[in-house]
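Could you put together the complete structure from these sequences and hints?
Chains as they are written, first to last, in the working numbering: chain A, 8 to 268; chain B, 228 to 374.
These are calculated hints, taken from the structure and not from any lab test.
Here a beta-carbon is modelled for each residue, glycine too, at the ideal position from N, C-alpha and C.
Some hints here could point you the wrong way.
To spell it out: a stretch of chain B is covered by chain A in this simulated footprint if at least three of its residues, at any positions, have a beta carbon under 8 Å from a beta carbon of chain A; those stretches are [stated by the list, open to error]: (1) 277-286; (2) 295-304.
Some chain B residues close to chain A (C-beta under 10 Å, calculated; not the full set) [to be verified]: (3) Glu252; (4) Phe264; (5) Tyr265; (6) Lys267; (7) Thr269; (8) Leu274; (9) Ile289; (10) Leu292.
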Amino acid sequence: MHSHHESAPVFNWAQLILALPFLLALFLYLLAAFKSKKKWPLYRIVLWTLGISLSLISVIGPLAERSHNDFKAHMLSHLFLGMLAPFLLALAAPLTLAFRSLSVQKGRKLSKLLKSKPLKIAVHPLAASILNIGGLWVLYSTGLYGLMHEQNWIYVLVHVHIFLAGYLFTIAFLYLDPVSKRYSFKFRAAVLILAFAGHGILSKFIYAHPPAGVPDKQAETAGMLMYYGGDVIDILIIFVFCFQWYHASRPGTSLSHANPS
Amino acid sequence: MEKRQALNALSGILFGLGLVAFFDETVFHQLLHWHHFYDKSTTDIGLVSDGIFHSFSWFATIASLFMFADLRRKKTFYGKRWIGGILTGAGAFQLYDGTVQHKLMGLHQIRYGVDILPYDLVWNLTAATMLAAGIILLIKTQAEEKG
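Structure (structure tokens):
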């Protein structure tokens with residue numbers, strides 16, 4: 008839809024900026040995992056590598072190129088970058104690995120950073136949901152989607168936001184790494200359902216009201232892709248969430264008499 | 228004992244709800260293509276209600292199965308009451324879907340381009356029957372447990 012997307016060199020720096028942090032994260036994680044004195048589980052290394060690969064696929068290469076003028080491709084990369092990759096990366100427990108491999112002093116600094124006010128607020132289930140789902144509503148229901156393809160720096164910011172909000176969202180509901188404050192299963196379940204509902208409603212909204220410049224047919228396919236693709240990832244997240252409840256409420260623990268839902 | 232009673236019923240109700248939602252999605256949307264993904268006449272409230280129920284049903288299905296596993300693990304599973312819960316949950320959701328969501332909120336119709344009345348009748352009567360049977364079972368199992 009935007010003819011000047013052909014000017015490939017302009018996009019290269021945007022792609023490069025987005026790809027570099029992921030490559031660095033992959034390098035650091037692998038380094039820490041292999042240097043770790045206590046054996047770091049292989050499945051986590053695999054999950055991390057998969058998560059990074061999916062992120063890279065969405066910000067650099069053919070899919071990223073195509074998503075500039077194909078809304079369906081954009082939606083697929085959104086599913087990867089904003090949902091599936093953050094989920095896989097969170098399962099790889101990077102903070103636990105970081106605490107294990109950092110010196111005591113640096114570990115304290117990291118834990119202080121995690122306990123800082125802004126981060127504490129950001130991982131509140133409600134705040135994380137608003138940043139994630141609210142952000143998507145802004146992207147697709149305002150002119151931002153069109154603007155993103157006009158200005159490279161907006162493109163970069165939007166993609167950084169999609170990924171970070173997706174990651175924050177995942178760790179606000181699934182406690183795989185240490186967190187500053189744990190919210191009850193009941194509260195998290197209620198917010199999670201509302202957040203997923205917001206995602207589903209947005210998918211149908213896009214189906215009926217395409218962002219400016221997106222052809223109807225593309226929006227319909229993309230809306231359904233977002234809806235059903237979102238479902239698949241929702242199910243994965245819900246499964247891990249319920250599994251954590253099941254584990255926490257096993258006989259002989261304090262939660263074992265708590266109400267589950 | 229009350230805890231066990233409530234959990235068996237709740238797990239069943241959530242599973243029944245999830246079951247109907249899953250059936251609706253696979254059979255009527257995906258296989259038969261009777262339901263529309265989005266009906267141009269859908270109201271905003273219909274869209275919101277559908278979104279919440281769709282999301283809730285996935286959660287209900289998975290959560291109820293983990294609750295089922297928890298009941299089995301603690302040897303407090305009560306099959307008859309669980310079935311009562313399933314019928315109640317399934318009936319209640321289908322009745323809500325067929326009356327409030329389809330008719331009041333105009334979410335979508337069961338089928339398009341046909342006389343809709345027989346479809347609506349079958350849909351809602353099945354729902355009411357399941358709901359009634361479920362409630363009777365729940366009341367009976369409550370009484371049995373006490374007596």
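Each hint tested on the structure:
{"no.": "1", "hint": "277-286", "in the structure": "holds (count 8)"}
{"no.": "2", "hint": "295-304", "in the structure": "holds (count 4)"}
{"no.": "3", "hint": "Glu252", "in the structure": "9 Å, holds"}
{"no.": "4", "hint": "Phe264", "in the structure": "6 Å, holds"}
{"no.": "5", "hint": "Tyr265", "in the structure": "5 Å, holds"}
{"no.": "6", "hint": "Lys267", "in the structure": "7 Å, holds"}
{"no.": "7", "hint": "Thr269", "in the structure": "8 Å, holds"}
{"no.": "8", "hint": "Leu274", "in the structure": "6 Å, holds"}
{"no.": "9", "hint": "Ile289", "in the structure": "5 Å, holds"}
{"no.": "10", "hint": "Leu292", "in the structure": "8 Å, holds"}
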